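Enquirer: Take a look at the letters that make up each chain.
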Amino acid sequence: MAKSLGPVKRKFSPWTDPGAVPFIRFENITKRYGDFVAVNNLTLDIYEREFFSLLGPSGCGKTTLMRMLAGFEEPSEGRILLQGKDMSGVPPYRRPTNMMFQSYALFPHMTVEKNIAFGLQQDGLSKPDIAARVEEMLKLVKLESFARRKPAQLSGGQRQRVALARSLAKRPKVLLLDEPLGALDRKLREETQFELMDIQHTLGLTFLIVTHDQEEAMTVSDRIAVMDKGVIMQVATPAEIYEAPNSRYVADFIGDINILECAVTGNAGDCLRDGHPPVVRLVSNGLDIAVEQECPVTAGDKVGFAMRPEKVRISLDKPADTTVNTAHGEVWDIGYLGDFSIFLVKLEDGRILRAAQANVSRLVDRPITFGDSVWLTWPLDAGLVLTR
Amino acid sequence: MAETGATAHTNPLRWLVVAIPYLWLFLFFAAPFFIIFKISLSDTAIAMPPYTPTFEGFGAIGDFFSQLDFENYGFLGEDPLYIDAYLSSLRIALISTLLLLLVGYPMALAMARAQASIRPTLMMMVILPFWTSFLIRVYAWIGILKPEGLLTLLFQTIGLMGPDDQVTIFRTDYAVFIGIVYSYLPFMVLPLYAALEKMDGTLLEAASDLGCPPWKAFWKITFPLSLPGVIAGALICFIPITGEFVIPDLLGGAETLMIGKTLWTEFFGNRDWPLASAVAVLLLLALVVPIVIFQNQQQKVG
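Keeping their order, the protein sequence lines are chains Y and R. In this text, residue positions in the first sequence follow this note's numbering: the first is 1, and each later residue adds one. In this text, residue positions in the second sequence follow this note's numbering: the first is 1, and each later residue adds one.
So here's chain Y without its partners, still in its complex pose:
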């Protein structure tokens, strides 16, 4: 399938503009099912033309939140504003949102074109208008030659495209996507992710996507909200979420990470490098750590030190300075991922640290192997102090 490259992704950050009016606003939303609290006093703003992801494990309330926006559920408390309009009591069939269902929910007794035309017919559009829009949508998802097929005669990927076309046909103000790519194989999923971004960009719509797949959320989103147990843990851009998670939960949920429990030994606030944040000193079971980070901790505080494996350098040679940001251990396991190798290094106290190394040269036998005594080192800006 030919990939259109589309316009270059623009710099887009309305959330940093204090004057920007949110397009969708969840205001102190609580949703209870009996005693179970699915969403707990949640407030969230989403801006026009944003590609926003709700990311979290199953049961974290992300789908409930989306279903409340679509109108399938009513919040127990709080309200949802769409373009400033209170959506309370507005039934789904009167909301300017459309949803792409996880199961696609294609009407099995209708052909592809009838499925796509369904929403347009409800709006009472004229027949030629409907036909034109259906054709446009079929073209958009590259299914022109499948117009007369029934959903049962399509592959999983094609069905997913029909579902997308159907939910886009009405040009909704907000498109809701519930685990849209879950059923696709990896390659198709990646292709579709980029196509989704293209489509969102071309049509200028606001997309809200629910997913448990962090890679998917990272790829497509302008911003991500990481959810757990009905509350939002962090809302930020993919890069911020990855590089500056605000809690152990977010750090652990997104990507691969080492987390060491530490005690703060000093927060003198002195800068070692000009133009960089001050340095916080930590100790984790004899391991001295220095982190460049502005953070309100004092000596004796218990914190977490989080560090992505690709920021750890692994070497067979002993570094010159072993007093700080250095650990010694032996290679306990190696995960060969093709582009990367992950080394699980067992420290002397039994803890495991993960270090990733890009496989830059074409070697089958890597110089570092099982049982090797290795040194791990990392710079001052590699890790992060987590107080939550």
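Think of the hints as simulated: they come from the structure by calculation, not from any bench. What you are looking at is a predicted structure, and each value in this text was computed from that prediction instead of being measured. Any given hint could turn out to be false.
Calculated cross-link-like contacts (lysine to any residue; reagent style SDA-like; alpha-carbon spacing at most 25 angstroms) [to be verified]:
(1) R:300 <-> Y:147
(2) Y:114 <-> R:231
(3) R:198 <-> R:122
(4) Y:311 <-> Y:256
(5) Y:150 <-> Y:173
(6) R:216 <-> Y:93
Position chain R against the provided structure of chain Y, taking the given hints into account.
Expert: Relative to the frame of chain Y, chain R by itself:
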């Protein structure tokens, strides 16, 4: 696939499995049908069995065949009683089936949309009447519908009727419709329920999401998807109702004309087996058409 096909061909057990239903159909459908068909071509006789010719061995086979004719079928065409009875049966079956759909569809829909935990109970309630004999249940309706019956008593008690008035449903077509709808309701509800229950609820959410209000979604999504159940239920009811004998006999009046009753009278009242057989053969042929439609529909769905 080709491999399993090859081994299956050489496996005699496979042929046995296939042969059993055919043997069953031959013994209990084809053979009796041909006997009935043969009797319908015979003439009545005061004898035992009450028709002629009877099969006297292969020696006299030419003579045997020469005595068979379509005289009875001609007679059925001449006497308007039979044509009227056929048409009346089809009319009653058609109206009953529509009434059954009207009553059964909401029931099946309510069952399918009920909480999963109470569905077995609702199903039980639909099937429960089967635990009592069909005849007893129809007789019970006599007790309810007869002029001095329970319905009259109820209407008089609540003041809808004067003490001298009586309901005049018993021995009319209305009583027949009531009896048929009551007796056949489970046969309508169960296929409808089966079709509605397996429907994916998110389809209705999708319809609603695309701007379709619930009542419209029913006709655009729910009903079309339940069509196999509607057709199955309609045929399962329509076919036996057409030949129904007990209900019109017990609840219907003198003017309730149904082919099943006519057939019974010919067999047991008039002892005219050949004519009764001709009626039966035509009844079967009249019903083959809806059965074939049913089969086609099932294959399409499958």
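Enquirer: Which hints, by number, does the structure contradict?
Expert: Per hint list: single violation, 5.
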